[in-house]
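Asker: Chain residues, written in single-letter form:
Protein chains: 2
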Amino acid sequence: MLSKRLVKCARLQIVIHGGRPIVGASCRVATGAVQAEGSVGKITEPMRGSLKGLIDTQAPRGTRDFPPEELRLRNWLFGEFATVSRLFGFEQWDAPVLESEELFVRKAGEEITDQLYNFEDKGQRKMALRPELTPSLARLVLQRQKTLPLPAKWWAIGQCWRYERMTRGRRREHYQWNMDIIGVAGVEAEAELLAAITLFFERVGLSSKDVGIKVSSRKVLQSVLEQYNLPSDLFAKVCIIVDKIEKLPREQIEKELDAIGVPTETVQGVLSAMSIRSLEELEKLLGPNSEAVSDLKHLFNLASGYGYSDWLVFDPSVVRGLAYYTGTVFEGFDREGKLRAICGGGRYDRLLGTFGGDDLPCTGFGFGDAVIVELLKDKGILPEPKQKVDDLVLAMDESLRPQASGIASKLRKSGRSVELVLENKKMKWAFKHAEKCHADRLVLVGAEEWSRGCVSVKDLLKREQLEVPVNDL
Amino acid sequence: MLSKRLVKCARLQIVIHGGRPIVGASCRVATGAVQAEGSVGKITEPMRGSLKGLIDTQAPRGTRDFPPEELRLRNWLFGEFATVSRLFGFEQWDAPVLESEELFVRKAGEEITDQLYNFEDKGQRKMALRPELTPSLARLVLQRQKTLPLPAKWWAIGQCWRYERMTRGRRREHYQWNMDIIGVAGVEAEAELLAAITLFFERVGLSSKDVGIKVSSRKVLQSVLEQYNLPSDLFAKVCIIVDKIEKLPREQIEKELDAIGVPTETVQGVLSAMSIRSLEELEKLLGPNSEAVSDLKHLFNLASGYGYSDWLVFDPSVVRGLAYYTGTVFEGFDREGKLRAICGGGRYDRLLGTFGGDDLPCTGFGFGDAVIVELLKDKGILPEPKQKVDDLVLAMDESLRPQASGIASKLRKSGRSVELVLENKKMKWAFKHAEKCHADRLVLVGAEEWSRGCVSVKDLLKREQLEVPVNDL
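Sequences listed follow chains A and B, in order. Position one of the first sequence corresponds to residue 0 (my numbering), numbered consecutively onward. Position one of the second sequence corresponds to residue 0 (my numbering), numbered consecutively onward.
Everything labelled a hint here was simulated from the structure, so no lab data went into it. Please note: incorrect hints may appear among the correct ones.
The list treats identical chains as interchangeable, and a pair is accepted whether it falls inside one copy or across any two copies.
Said to hold, decoys possible - Calculated cross-link-like contacts (lysine to any residue; reagent style SDA-like; alpha-carbon spacing at most 20 Å):
#1 Lys145 with His297
#2 Lys145 with Gly182
#3 Lys125 with Arg170
#4 Lys457 with His297
#5 Lys121 with Arg276
#6 Lys296 with Pro401
#7 Lys424 with His297
#8 Lys125 with Thr62
#9 Lys145 with Asp55
#10 Lys125 with Asp55
#11 Lys121 with Glu100
#12 Lys461 with Ser207
#13 Lys461 with Arg249
#14 Lys125 with Gln114
#15 Lys125 with Glu163
#16 Lys385 with Val372
#17 Lys296 with Leu311
Based on the provided sequences and hints, a complete structural model is requested.
Answerer: Okay, structure coming up:
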């Protein structure tokens, strides 16, 4: 029952935050989700607190428990993240889920910093549960500024948190897979990251017909704004607004651009540039010497070398919602357009500088654990990993329990996983239980066989039973 | 340099808290550690904060970063925890690191609840970073009180937190491995858990000469107190004091027992009983019908069936510092007596009841990630896992980068891990780099070979070079 409830929540939640905030959900889906979740919240609310003296057994609002069946799925997903990262030769790292608040405070109007899960500890220090992994990565890189061998290719999986004052039953935590390359200035880094993402998609059974990756460069928008002589300090603000192009009606976007002081003519120019969908057209607009154009051309050329061009879509309206991106940006999306972004990332060459260190070229992506599971479920290809042991060992008689323990011990030392029955149970139960944990064999320790130095081994796959000397087990 | 600093901290820290608080450190070691750490704290303090505008790059006070070399070690350790858990047929679970404070509030004078890392969230809810995993486990079990198939055998690895107002540079987080059996009333459960712990020790290279496990039952102390007609409500308080027998001088223990109202005669009787070291002696004291004695005899009998008797030591002064234990208690220790407890656990048959649910027989243990690493390091058997890739792929010419990308892609899809060089690098660098990441092969994509549909493959183990057709890679 619990698992059903969790699954239901997982389907309804919207997680807009994350290492790189996940945007681009259509209005319809987002609104529907919020309403549905609001009602889930209302229904469960009266069940919280002390009913008949029972503590609140639900996980804290907006968080998930992982009972075994959920954890098996999480392990499968994280295992795929890990395998892909290792196939690319990346090294894993981690940092505390709790960081100083200052690491995440940016004045860019990003949702991710507005919704920081921060608090004061007992020593009056301002702390935060990390909303994303990138600032912690930057901190680790800055620790070893002079000594870190470059390029460094690092990956991580970490739980990320957010807090909204207006709680709408939305999730407050998610896990995020990150891969980052530190020290490579060329788009070879972006191409390598996109290769990892597409390999992951392929491994979990998705094709370029199911999923695409929108790619652009912030330099495109920057060049357009330069053409209109817009002051460069408006760039970050324009990015935050352009990032909402798919979510809001055009008039709303125009209004917001107007509100920060973008002249009407520029607004129209920007919006028209954002609707370009080919590099040829872009080259016409920005000219043959545009860095944005040559970067993107080189990136698409590398993609074709890797063999994943069919996954990529050039879309200059993709700018991503984080203030620190400086160049290429990308965003994974489902081709049916039903879900929020699956993953997102890009180049952030000036993040280390904003932390007071020397800048280094950096690229990375964040890939949440929520949308991908939704997508795989929708496609009917989400695996359902089962509990699995090799042997189930049962003492046929209470007095033989020490002997059965010895058998279990011997099998385990030989590398077999053993479910040892610790209580008096009937054969019928043992068979049923062996089925439940997908045991290959049932090993029965009975008095008669034991007197001959043997045990009974029922092969549950071949459906045959043998008497086996203990030494041959 | 960072890694050295971290290692130093790891050696000096004392982590008394944890899933089951780790006690039994000698005064000398504990005091030494606190002083040493105090000074480490003082030295690093001025380096924190904004030096030349650089953010504080250290992890928050009392927490650890895991750069790749540290994470490889953690992965090795967690991998062993996971392997043993799976060999025993246990199922993994997890819960949020953040829980409602109420889950951990107990009025027992335990260090673990006194040092709770709690705070108020923005919605004025009292939250806590979990100090241990067991209450979350109980919460999950209570969620499915009527439906959970029993016995349930669950394991987890989770980060646990504590906060002391008096910060002495001590660690505020550690990871803990837990295995729990829910629904088995007999000591078969304890015996199975001890089998897992000893198998873990064996797998990491420790023998029963290095490490022992003290075993007792709280029923021993309970029976002794009953012999003296001590009111049963004093039991929990006496446990907390007896738990300190190895850490404090005898006079101090006597004083504390006196202070809570234990008569002098009883104090002497209790301390004398706590010095018993054999089950025969215990049977003389408690009589032949003592449940404590028969439980322990059965447990030692099972241990001998499993084959791990030589690891066990009967010691009635072991009561463990957590209020919820009701029966068997145990504690792993290094035979040289240099370190704090390595792990600890026991039976807690009434925890679910204290949460307002129906009681179920439960047993479990907590095994921290700190002391075991210290011990393995002291013994010189701590592994140093290396970075490892199968192939290093290098384009000999910038224009061949798309081709090199294709080769990397092909190798990765075949399951080989590939470090792809993303920049212009010399052969010398490539060889050095291949050594650093322990590559087996260096795959060179050069114009000449490529024109023949081939690449150069240098086998770095056999020290030979071959020209290989791309299709045969």
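Asker: Please go over all the hints and tell whether each is borne out by the structure.
Answerer: Okay, the hints, checked on the actual structure:
Taking identical chains as interchangeable, the C-alpha atoms of Lys145 and His297 are never at most 20 Å apart, the minima being 30 Å within one chain and 61 Å between chains. For the homomeric pair Lys145 and Gly182, the shortest alpha-carbon distance inside one copy (12 Å) is at most 20 Å, but the shortest distance between copies (56 Å) is not. Taking identical chains as interchangeable, the C-alpha atoms of Lys125 and Arg170 lie at most 20 Å apart only when they sit on different chains, with a minimum of 18 Å there against 23 Å within one chain. Proximity of Lys457 and His297 under a CA criterion of 20 Å is satisfied in neither setting, with 61 Å inside one chain copy and 29 Å between copies.
Proximity of Lys121 and Arg276 under a CA criterion of 20 Å is satisfied in neither setting, with 53 Å inside one chain copy and 44 Å between copies. Proximity of Lys296 and Pro401 under a CA criterion of 20 Å is satisfied inter-copy only: 12 Å between copies versus 70 Å inside one chain copy. Only between protomers do Lys424 and His297 lie at most 20 Å apart by alpha-carbon distance; the minimum there is 19 Å, versus 67 Å within a single protomer. For the homomeric pair Lys125 and Thr62, the shortest alpha-carbon distance between copies (15 Å) is at most 20 Å, but the shortest distance inside one copy (22 Å) is not.
Within a single copy, Lys145 and Asp55 get their C-alpha atoms only as close as 50 Å, which misses the 20 Å cut-off; across copies the closest is 16 Å, which meets it. Within a single copy, Lys125 and Asp55 get their C-alpha atoms only as close as 28 Å, which misses the 20 Å cut-off; across copies the closest is 13 Å, which meets it. Proximity of Lys121 and Glu100 under a CA criterion of 20 Å is satisfied in both settings, with 15 Å inside one chain copy and 14 Å between copies. When the C-alpha separation of Lys461 and Ser207 is checked against a cutoff of 20 Å, the pair qualifies neither within a copy, at 41 Å, nor between copies, at 40 Å.
Taking the closest pair of Cα atoms, Lys461 and Arg249 never come within 20 Å of each other, the shortest separation being 66 Å inside a single copy and 64 Å across copies. For a Cα distance limit of 20 Å, the shortest separation of Lys125 from Gln114 qualifies both inside one copy, at 15 Å, and across copies, at 19 Å. Proximity of Lys125 and Glu163 under a CA criterion of 20 Å is satisfied in both settings, with 17 Å inside one chain copy and 16 Å between copies. Within a single copy, Lys385 and Val372 get their C-alpha atoms as close as 17 Å, which meets the 20 Å cut-off; across copies the closest is 33 Å, which misses it.
Taking the shortest alpha-carbon separations for Lys296 and Leu311, only the intra-copy value of 12 Å comes in at or below 20 Å, while the best inter-copy value is 68 Å.
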